[in-house]
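Residue numbers (the numbering used here), protein chains in the order written: chain D, 1 to 439; chain S, 440 to 878; chain B, 879 to 1317; chain G, 1318 to 1429; chain R, 1430 to 1541; chain Z, 1542 to 1653.
If you are wondering where the hints come from, they were derived from the structure by calculation, not from laboratory data. Please note: incorrect hints may appear among the correct ones.
Looking from chain Z toward chain S, a few residues come up when the C-beta cut is under 10 Å (computed) [said to hold, decoys possible]:
no., residue
1, V1584
2, R1588
3, Y1592
4, E1613
5, V1651
The beta-carbon is built from N, C-alpha and C at its ideal position, and this holds for glycine as well.
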Amino acid sequence: MFKRFATPLLGALALTLAAAAHAQTPAEAPKIDTGDTAWILASTALVLLMTPGLALFYGGMVRQKNALSTILQSFICLGVISLQWILFGYTLAFAEGTPFIGGLQHLGLNGISFDGVVAYAPTIPSLLFIAFQMMFAIITPALITGAFAERVKFSAFLVFVVLWATLVYDPLAHWVWGAGGWLGAMGALDFAGGTVVHISSGISALVFALYVGRRRGYPDEEMRPHNLTMTLIGTGLLWFGWFGFNAGSALGSGSLAAVALLTTNTAAAAGALAWMFAEWKHHGQPTALGAASGAVAGLVGITPGAGFVSPMAAIFIGLAAGVACYLAVLLKNRLKYDDSLDTFGVHGIGGILGALMTGIFVTTSVNSAEIVQAAVARGPLVQLGIQAVGVVATVVYSAAITWILLKLIDVTMGLRVKPEEEEAGLDLTQHGETAYHLV
Amino acid sequence: MFKRFATPLLGALALTLAAAAHAQTPAEAPKIDTGDTAWILASTALVLLMTPGLALFYGGMVRQKNALSTILQSFICLGVISLQWILFGYTLAFAEGTPFIGGLQHLGLNGISFDGVVAYAPTIPSLLFIAFQMMFAIITPALITGAFAERVKFSAFLVFVVLWATLVYDPLAHWVWGAGGWLGAMGALDFAGGTVVHISSGISALVFALYVGRRRGYPDEEMRPHNLTMTLIGTGLLWFGWFGFNAGSALGSGSLAAVALLTTNTAAAAGALAWMFAEWKHHGQPTALGAASGAVAGLVGITPGAGFVSPMAAIFIGLAAGVACYLAVLLKNRLKYDDSLDTFGVHGIGGILGALMTGIFVTTSVNSAEIVQAAVARGPLVQLGIQAVGVVATVVYSAAITWILLKLIDVTMGLRVKPEEEEAGLDLTQHGETAYHLV
Amino acid sequence: MFKRFATPLLGALALTLAAAAHAQTPAEAPKIDTGDTAWILASTALVLLMTPGLALFYGGMVRQKNALSTILQSFICLGVISLQWILFGYTLAFAEGTPFIGGLQHLGLNGISFDGVVAYAPTIPSLLFIAFQMMFAIITPALITGAFAERVKFSAFLVFVVLWATLVYDPLAHWVWGAGGWLGAMGALDFAGGTVVHISSGISALVFALYVGRRRGYPDEEMRPHNLTMTLIGTGLLWFGWFGFNAGSALGSGSLAAVALLTTNTAAAAGALAWMFAEWKHHGQPTALGAASGAVAGLVGITPGAGFVSPMAAIFIGLAAGVACYLAVLLKNRLKYDDSLDTFGVHGIGGILGALMTGIFVTTSVNSAEIVQAAVARGPLVQLGIQAVGVVATVVYSAAITWILLKLIDVTMGLRVKPEEEEAGLDLTQHGETAYHLV
Amino acid sequence: MVKIECIIRPERLDEVKAALNALGVVGMTVSDVRGFGRQKGYVQHYRGLEYHVNLLPKVRVDVVVSNDQADEVVDAVVEAARTGEIGDGKIFLTRIDDAIRIRTGERGDVAL
Amino acid sequence: MVKIECIIRPERLDEVKAALNALGVVGMTVSDVRGFGRQKGYVQHYRGLEYHVNLLPKVRVDVVVSNDQADEVVDAVVEAARTGEIGDGKIFLTRIDDAIRIRTGERGDVAL
Amino acid sequence: MVKIECIIRPERLDEVKAALNALGVVGMTVSDVRGFGRQKGYVQHYRGLEYHVNLLPKVRVDVVVSNDQADEVVDAVVEAARTGEIGDGKIFLTRIDDAIRIRTGERGDVAL
Ligand SMILES: Nc1ncnc2c1ncn2[C@@H]1O[C@H](COP(=O)(O)OP(=O)(O)O)[C@@H](O)[C@H]1O
Ligand SMILES: Nc1ncnc2c1ncn2[C@@H]1O[C@H](COP(=O)(O)OP(=O)(O)O)[C@@H](O)[C@H]1O
Ligand SMILES: Nc1ncnc2c1ncn2[C@@H]1O[C@H](COP(=O)(O)OP(=O)(O)O)[C@@H](O)[C@H]1O
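Work out the full structure, taking the sequences as your base and the hints as a guide.
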């Protein structure tokens, strides 16, 4: 995102740099551009839609008795995190503070002018920047739900989500994108959330899956997706929304957004083909679920580099992500831990792969911002090292905090539903509903 | 909407005021702004999508035998009202005329220049303003269908929709937003359709439900939603589209649109949580349908004030709407009238609540247009009074005309299907189709 | 699209003309406009979504045992053609070359500047033009899948799609829209793809259906749509996305986009009503599937003229398309060939009708570009003749190449699944999946 | 023991269930079936193709009871399921040779 | 009375129905079932997990007829449902002790 | 021949199938049913309306076997389907008068 052009030198300096990086903006005082604003308004809507899209993607993959509870776990993040973000999440992530966490000066949007701008994005309204960022904060915890689907108490889940967003997501966003965040200052590149969104959620997913244990009957019982057409609708909405996620992370309307859109689409396409052909070769048949999973893997893989690499590099990243995530899922089946809907296999692995490849493929022909020039000047090996530091820091931090949170919740309120509730399904036992009454 | 800044002094004056209210537009001759236009093009598409979204939201809540007929009732409003609007609806609503109804000078878009602008929105193409407004005219009658689902003749419904749009929606839109409309002139605030869209449809829904009577078997037979995943997809599309509805009502791309987007999202989130927790407290379990219903309640509640109140006020409005609509639905269950999908409970109650709260929370820090300054100058109590006049006028007028229309249709062509048709379902008996053939 | 204003005189001249045709762009050097770019970014996303929308539209109409395979056939076009396009499709379609095909200078996007523009669309980034066009190249072969649903090998289909896109779509796009393409040079009008997209796919669909033969059991066995709610969701997404398709084809944000959006919506509405009322009259009942089919027919019909005709003309075009496509489908039932989901009946017939009517209704009041002025100067009869030449050329070329490709694939790898595979369904036998596991 | 297999209209299921409960019948098994009989069906049309639908949705209720309870159960079902229109359905009686409760392994009338 | 319970391939249902109608059988009850037998199933795979599907979709047709009609009904079903491939299904015959038409309360053969 | 009709918990189907296969039973027919019995149901609520759900999802497995195989099949099902909790289900035995294999027209035990 453009915001990551902001340097550790805060205030005016950050603002000037950011402004300078933006082709259409003169060096003078920032002014809201209606075209930039139009695209980020649209992008915010697109990213919003990704959460319902994810709900369907996941919802179709579980058994019928858990369809609603799975959808609701994603959906309710829209409710919970929307409020968390404007009340205290935004300030923790984006206010000036320490290298590790933002200050509290913007609690409840305090001090944000309703018709001004923030330094991160000097050509769009301040509240729009906040809203756009909010959508990232919403979908990230929703991603984790895939790992523990079909077995966790709704109340425990709600508590987890709020704490995780506050103690994992907000600090990580600050590290990478926040004014003065240490990873950003170090030169780590993350265009649209490879570390902040995908690695953090993917690793936390793994920890959660291991902590909470397998679903009853896994892996002996057959647990087939109850509605793959729903999963495919979800995939379509995710692909569509991802244009907002990645191309919106240009924080304006112009060539950078166009590059990001094209690399995004390219990697999604390559990922879908890669997974499908790998499966075809390996199992003898190409599946729709495989193609859909591969598309998501490609989208994850390109996220950190969408505005830093060329469309040709995006083919490569997409193919690699498709194959790597497919292998990760096979490995899971071998190891028999129960990351139910493969959040780690797709978002963890895809995110790590993408973050590293960004260091290799970054090019100034796509993005001439200072931060990119610095990265290119360092050379791919050094930049790869910096990216690796970002990955490792994110992995360690996310895993540790997630584990502590789970322990805490488990001993205080209990994490997992009772066996007979799991058997009867969460829809009935947690929510008193069932998804379908088809005669 | 910006258009409601137009004053009773028409032509040049209205235009000047509207222009002045728009931060990015110089006082000179209006010129189409590509950024404003881009956002309203996108918003028009977003609001269009709300009607299919509503179709799914409603379609999932009925019994399987009425799935298609319910979806079609919303869907066909796209067909019927799109034509009604450009033929004569637009001119009745927005042409200069009396305080109560527009003139006929723009019948069939007569006199509208294809590359000019209209005074309501001086920075976007005239046809775009017309198309954007059309989407509101389409979804409003579609909302009513929730009240009489599963028992009305399709032919009678079609006649009702055309007459209602012409005799209720178009005049109300003129009262509030039209050049010289009496409610707008009086200072009533309605940013994106709290009275025009939600109260009008909610009240008409109540009258319709009472007139047509209960479904056979209600409330003794169990009538469970046949596909709640469909209702949740619909909710996602509605939330997404509502960004166009409310933030598009800024009629341009800039800070006002950003505020409206953020208040909209905030109220939806608060509404979802409020309903869900109310239900949790009351019934012991939180439901997905409850969260979805609450989100819609919050969206309805914020509609009249989206561009007039702050995000913090939006939390309050959303919470209030979520709880109030939940209670309204409980009351319906108590009173045992059959507003099948709770159009009155959600849109009527939520719309009234939002219209009143707008009078209390309106602030110039969000929107410095003259009409807002006037409202703030009056003070909350007076403004509340003005808002109340708007509410009462809308309630009385909508109720009266709806009742007359129903009587008329009932005696001429009959309103309700035969009991055995209702038993077999409207899909089979009205349309000769069934929704699913799942082996 | 604006690109079709480019004349056979290439380079600078094309650029100047294109620029001149664009109201907001001064005659000087082209500069990226953030508003234009914002709308085309959004439009690209909208057109992308049409392919999943189509997948649902088609997927709901087949029998359950083929739901996934049908959806996947559309979906995988996103994978295959996205790569084909940037590797060699774009250059074949849009690079300067002969009147019949583009050159190879932009293989792998070679020579495309990542922050410049292309002559076809001088106010938006080059990569955005390429991405927007890509979405058209993706959905066109996906449309054909409706004709041969439920009986073709997935491997054969993949080979067909790549060859067809390369040998039919890319040349046709060049003829009509490419620099120096002979149909464009002749003055044939096609705003958003009536010939290039709909006639080409519709005719190829007919040839494919005839070549591959009927489904086992057709027409004696009942083959009812397995999930019409899915078809209706698809219709909603198609209508929504079509705003990007047609209004995005203005390649900028302004009055022309607004006209195109309004004519698109109008024709869709008129088409839905026309088909539904024709059916009502004829069969005694209006159906949801009929209304949905009519909406698509209207959208197809308006595609070639969306930015050339007035909203009132769009009513007429929509009504005509709705009735004509309905009759075409009835005729198919009479003739008993098996165009399973009526790609020819809707896209072939609707496209031809629209292309011809564009010649009659084109008006400079909507679009004052030179090409339009030339068309109007010629008079409707001459222009109708030119349009007819475009139609005939497209029909003959598409039919011939499609037939050759099918023959080739058939003898080398086989086209059709085995009878017992067809009986068991393609989901199980081609993909080893089933769509639903509803208890 | 007798199995009483009732093919009824879906909308009468609640009444039938209530009637059986009133008799103290504590178990039954219900399934969704489609019936063909004298009741006339519907015409469906999909893009101009007409299909005659004569398999209509019905519900099948299986109740196994002891021989001496059979008659009152049949009477109760007839009363609860009847609307008097064609399509009310049928009841078929079959002798059951034995019944086993899986939970306990009990056999015979006591297993019901 | 005899209940003729036919487990057939879904795609033969139309033929079986037609054959029964031709014999003047006016009623039957149809349900969707899954069958396991000699017919081999399919392998499904979901993200690398393999499931062997050996419950295949079948349709069950129940027809209750008078004793003397039983043989011709069985023959008609066999003919209409046969493809000659493994998986064509089975017919089971059971004695029915009584039948009641709910609409009228009639009992015995006349109730069919 | 005997028809062994087993109403079991859906989640025990795999075990029951395996147990039958182990006995060499080569055919069975499975359908989805809803059962009412001693097992208590659930309360559902939709926008404040409460519905008591006492028809619970069950699976019905029909196996027709020769008379002498019946006992071991019953025992195997009981063992495989039992959890010990209320709701494990029932097994009903009915005499089958004849069985026909549609593919070959064979009759009697050999048709199974
Ligand atoms: N001979 C039969 N065998 C099995 N089921 C039958 C038979 N006759 C009727 N049925 C079932 O009973 C239902 C009602 O029968 P129908 O002839 O329509 O009405 P009625 O029972 O009022 O005469 C049918 O839909 C079918 O499910
Ligand atoms: N012993 C049995 N009990 C109940 N149903 C059976 C039995 N054997 C077979 N079936 C049913 O008959 C169907 C066909 O049996 P199968 O052995 O596959 O073929 P075929 O009848 O041609 O030998 C099975 O799918 C199953 O539904
Ligand atoms: N009399 C009966 N007739 C038919 N089915 C029965 C009967 N009693 C029980 N069932 C079936 O058996 C299932 C289990 O019975 P239930 O009383 O809940 O538990 P249990 O068998 O452990 O006592 C029920 O859900 C129902 O499907």
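Report the numbers of all earlier hints that the structure fails to satisfy, in ascending order. Violated: hints 4 and 5.
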